[in-house]
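Colleague: Given next are the chains, with one letter for each unit.
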Amino acid sequence: MWRLFILHGASLLAADFTTQVAPVLTSRCLSCHGAKTQMAGLRLDSRETLLQVIQPGAAAASKLIARVEGHGGKTMPPVGERLSPAQIAALKAWIDNGAPWAGPARLGATADHWSFRPVERHPVPPGAHPVDHFVHARLASENIAPAPEAAKSTLIRRLSLDLTGLPPSPSQLAAFLADQQPGAYERLVDSLLASPHFGERWARPWLDLARYADSDGYEKDYVRPHAWRYRQWVIDALNNGMPFDRFTVEQIAGDLLPQSTVDQKVATGFHRNTLTNREGGVNLEQFRTEAIKDRAATVSTVWLGLTAGCAQCHDHKYDPISQKEFYQLYAFFDNADERNIDAPLPGEFGPYLAGLAEYRRQRTALLQQYGVPDRQPGWEDQIREARANPGKWTDRDHAYDAVQKYLDHSDEILDTPPARRTEKQADSLTDHFVINYHRIISKERWAELQFPELRRKLEALKRDFPGLTEAQTIAERPAALRRPSFVHLRGDYRKRGSAVQPGTPAFLPPLPPGESSRLALARWIVSPSNPLTARVTVNRIWQEYFGSGLVRTPEDFGTQGERPTHPELLDALAAHFIDSGWNVKALHRLIVTSATYRQSSHARPELAQRDPDNRLLARQNRLRLPAELIRDSALSVSGLLYPAIGGKSVRPPQPQGVAELAYSGSVKWNENTGQDRYRRGLYIFFQRTVPYPQLMNFDAPDANTAACKRERSNTPLQALNLLNDPVFVEAARALATRLLRETAPDASPAARIRHAFTLALARPPAPGELPPLEQYLHAQTEIFSQDPAAAAQWFPPALAGFSRAESAAWVGLASVLLNLDEFITKE
Amino acid sequence: MDQSLASYQRRSFLRRAIGGVGALSLGELLAAQDSAPATSHPPHFPAKAKNVIFLFQEGGPSHIDLYDPKPALRKWHGQPLPASMTKDLNLVFVKPDAKVLASDRVFTPHGQCGTEFSDYLPHIAANADQICLIRSLYSEAFNHHPGQSLLFSGSTQFGRPTIGAWVSYGLGTASRDLPAFVVLSSGRGTSGGSMNWASGFLPSSHQGVVFRNGGDPILYLPNPAGLSRDSQRLRLNAIRQLNETRMEATGDAAIASRIHSYELAFRMQMAAPGLLDFSKESPQTLASYGVGKEPTHPYAVNCLLARRMVEQGVRFVMLAHASWDDHQELNKKLKKNCAITDQPIGALLTDLRQRGLLDSTLVVWAGEFGRTPLGQLERTDEDPGRDHHPNCFSAWMAGGGIKGGQVIGKSDELGLNIAENRVHVHDLQATILHCLGLDHTRLTHRHAGRDFRLTDVGGQVIRQALA
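Chains as they are written, first to last, in the numbering used here: chain A, 1 to 827; chain B, 828 to 1294.
In isolation and in its complexed conformation, chain A is listed as follows:
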């Protein structure tokens, strides 16, 4: 392969045709000058046709360069950003060097695209660590030595945050620092991988992909009280070491596995995280098809790294996915209906059965007492008549619209004769009738019948008797009810194109003959011959450790995506992952035991020009923590954290006025009390239209579409959040209390500051760090001494043995530590 040295631009890295020239041509030129279109009769996908606009050996005389530089004629490309100086420099250097062609005969001929080719198994010398082997080889080719290993205290904090999402406790820190035996680091890795917090830490990026939320989205944004069961499934699967192939199959098609268990059905909750629009008057079929499209697009993005969703309205512009092929993927999901199932938690079933007979008796009596059996059949008739005669009675149209919006599967229930309805179907219809009867008989008459009171009593009855927890799942429709699937012309569900059968894109290995179920799709995704799944998955895991993937477009492994910085390493990791039986923890272990991972993250000024984005991995990266881990760290070091694993979502305190921004104040944010206020960030109730502010301030995704990576922004709102949010003020108070209680009563300020550093940053203060903090303490104590009322507001409890001014100043100091860049950064 040709390598050139580019001296013109900002980069002094060696460059080659494949990584520097071809990507520019492919991504910026070929959509108008490629196989499909040749604007101005020009084609730039082969050397031969490029000769129309380049003179090998003479960049300055090449029309291509004039156009991209904007000299004479129209600047190319005409839309989007102009080419960067580095890109232009690469083109020039390549032309000046004779325009050597190292690519396929035609660029953009996608069968040759790197990620579509089978994973290659590159040999690693015996005894060498695969990660270090490839990273060091690349560094050596650039004459760069890797960075030294980070300090032990940095390593344990980094590893602890990476594997559990929590900073190390002082005892964990002390034990690790004291362990001078060989294998100390590996033992730490194993103990952290075995921690139940591992599942919490690694569930979060998966939940980003799954667009997990606790509410419907759209205008009404109703809560989803059972959504958490899916989150729980993810946490448990990760903690139990479920292999990734099983993890995949159960989420995509757990309901179709032979004798599928409740847990395997709960896994299909992955698909239930699509949004639900209950806005009045929406067309249910429109939003059903939107959800199916989202499922097809999301599965493509999450497992295959393909932007197949781009082919909803037209053939994919860049990748070999036709619109028809998108709807073939869609067809796998078109016959899966949304179903909530009883998914009892351990210990729920006995009490439920014990109370059931009495519950039924009391419910029936209540319904009798208020005359429901006399009125409901007539109402049902009216609803069915309205359905058959839209527009005839406006009030009944509204009543029918409401049944459809608020009662899932309402048509199915209405069409089942009462005697054949399941108890669940009958109860849900009756509950809806009681609540919505007023739409037909007027609010006044409804009130006269005392239905509001009946509603309250029915709800109270439900609370009084133990129920069963439910879960959101999908389930395949019976064969007799299968709907045919079609291409939607221009993406419009009303405009049917040709009929399609379930199928996978033709450029990838085929499905086994005769198979077309969702389960077959799931198994195809994790078949060892699929070139994408393992690469895409290891890349995303890598990204959590290093801040960017080996492929920096984790959402796009197609022709528009970036190429891997270390292709052999990516393949080695993918192969290792597959060969290990898709062992997730083994993959984590492999990465974190590498010397590459353990490098210091300190900047290397000598490389700042050559490799500004640290693509060569000549050091680790300093990375701001994700939103949830910032909260978790503050709660953890202050001792407030309630570390229970799993369970329902919680609503910690948030300022007045946040929930009120939702549609007509429909969102009720009932703060949790007690320990649940102090649960980890991933358990915070995610209300799609008005998410918890701290999460959004620190770049948590909006849960509307699969999020393959998070931004790491830096804004003044983040500063205000950490400085002034009562949650963080409370953490500062608790941290200060802890400091003063855990140090000797006569400890010096310096000794206490040292302890504070151990707790918050897992390291001792550097000499230069003590004086500013001592001065801060002194000055703040002065201020509080002169204003005791302020001190009491800032830190209400009186701490025995300390003046109020002094203890309040320590709260200030704790707050300073919780606001440090280092505190919210993994170094």
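Simulated from the structure, these hints should not be mistaken for lab results. There's no promise every hint is true.
[What the hints assert, rightly or not] Anything over 12 Å on all C-beta distances counts as not near chain B; from chain A, calculated:
| no. | residue |
| --- | --- |
| 1 | E48 |
| 2 | H122 |
| 3 | E142 |
| 4 | S195 |
| 5 | G241 |
| 6 | A297 |
| 7 | P346 |
| 8 | P478 |
| 9 | F486 |
| 10 | F546 |
| 11 | P554 |
| 12 | P564 |
| 13 | A575 |
| 14 | L640 |
| 15 | R651 |
| 16 | A744 |
[Stated by the list, open to error] Straight line, CA to CA, 30 Å or less: simulated DSSO-like cross-link-like pairs of lysine-lysine:
| no. | chain 1 | residue 1 | chain 2 | residue 2 |
| --- | --- | --- | --- | --- |
| 17 | B | K922 | A | K405 |
| 18 | B | K926 | B | K902 |
| 19 | A | K74 | B | K875 |
| 20 | B | K1159 | A | K405 |
From a predicted model like this one, the values you see are computed outputs, not experimental measurements. Just so it is clear, CB atoms sit at the ideal spot from N, CA and C, and this is done for glycine as well.
For this one, chain A is given, so just place chain B on it according to the hints.
Modeller: Here is chain B on its own, set in the frame of chain A:
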């Protein structure tokens, strides 16, 4: 790349290039950052407007009762329309054979231009000569959430950045103390919620910052109880000193950005309360907006705040008022919403003009769609309303870059369909960007393998609207 990192690298490179040794002088870097003007980027071409005030009328205000007089509706009142006229309608609640509902509003010409406005909008009408009224706008979404998504992000698909975020991304901020994109809300929440000011796949620094109308103006803005300004400064100084030390130890210039954002936070703490201090406004000004008087007060405060923010360089102020979703009791609800918003909006236009700010401020009035000429009647004992109508509705622009005193487009005699000069919401978006000196086809961001823009694959600048 991070701005400060880039500048750090430039500087350290220069330093080494001229033979200097050792690390960059931190104080120098930070001083440069603190005194630098806010990060403002040049537009694509010279701009007419520097700021936008987007008066978002949530829920779908009725164009035929406010801006587009349709006397012919009288002829049809109480009758259904022929099926040929209603076959392409996307109706939400009413059925195609619903009966036509004439408007009870009285329209009269205003200004030199003689544009007709409803009797419910006297104050807006008084600015007729500044207003470019579009009577031929259309959208594709006929439910609120998707409609708002299209209006603000150019797509009904999720995850796209909204117009304010695009403007912040394209032009940066012109204020040292305030964010580039601010959201003011009064009335009830909107269907779109925070989606209406989301930054989508752009960095979250471009997301709209909500100035709240109750409690603290910005979330977590005030110091916690007991922490005086001096104590806060002390705390910030300590944070800064330790961050500087860490930056020296690690060489990570991203820490400079963190330091910078804490300083900006402090300046916001200082500046934001001042925005809300109306004591320097004349009693006449306050009275003209309707401050301190019901029912105008909350909206008037937001309109006045919008002017004050524009004066301080906020690029994009979105002012949401909900809701105009009048399925029932149209006349009563229209009257109420107009009583709340008309006077403050009229005063805002006049005030901006008198201060010479209207030339550089683009004011936009729009909802996500209009309403049907067909009446909606749920119960006979109730006054009728109208259904959602995206096929043809009205919006207006005034100020920077816009030629006022004109009407663009024409609807048919019922206000049902567009008769002349179709204007898509993408065209409105393209025009807003154009006034700011931004070419909507060039303001792009690469995401998931392709370049995205606000106007998706459509949008044409409405040339006739431009001054």
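Colleague: Each hint should be assessed against the structure and marked as holding or not.
Modeller: Cross-check of the supplied hints:
1. E48: holds (27 Å)
2. H122: holds (27 Å)
3. E142: holds (18 Å)
4. S195: S195/A clear of chain B: closest Cβ-Cβ about 28 Å, beyond 12 Å.
5. G241: Fine: 32 Å to the nearest Cβ keeps G241/A off the interface.
6. A297: violated (10 Å)
7. P346: Correct as stated: the minimum Cβ-Cβ distance to chain B is 37 Å, above 12 Å.
8. P478: The claim stands: P478/A keeps its Cβ more than 12 Å from every Cβ of chain B (closest is about 31 Å).
9. F486: holds (20 Å)
10. F546: The claim stands: F546/A keeps its Cβ more than 12 Å from every Cβ of chain B (closest is about 15 Å).
11. P554: Check fails; 10 Å does not lie beyond 12 Å.
12. P564: At roughly 15 Å from the nearest Cβ of chain B, P564/A sits farther out than 12 Å, so the non-interface label holds.
13. A575: A575/A clear of chain B: closest Cβ-Cβ about 25 Å, beyond 12 Å.
14. L640: Non-interface label stands for L640/A: nearest chain B Cβ at 16 Å, farther than 12 Å.
15. R651: holds (16 Å)
16. A744: holds (24 Å)
17. K922/B with K405/A: holds (18 Å)
18. K926/B with K902/B: Holds - the C-alpha atoms of K902/B and K926/B are around 12 Å apart, at most 30 Å.
19. K74/A with K875/B: Measuring from Cα to Cα gives roughly 25 Å; hence the hint holds.
20. K1159/B with K405/A: Within the cut-off at roughly 28 Å; holds.
Violated hints, listed in ascending order, are 6 and 11; each of the other numbered hints is respected by the structure.
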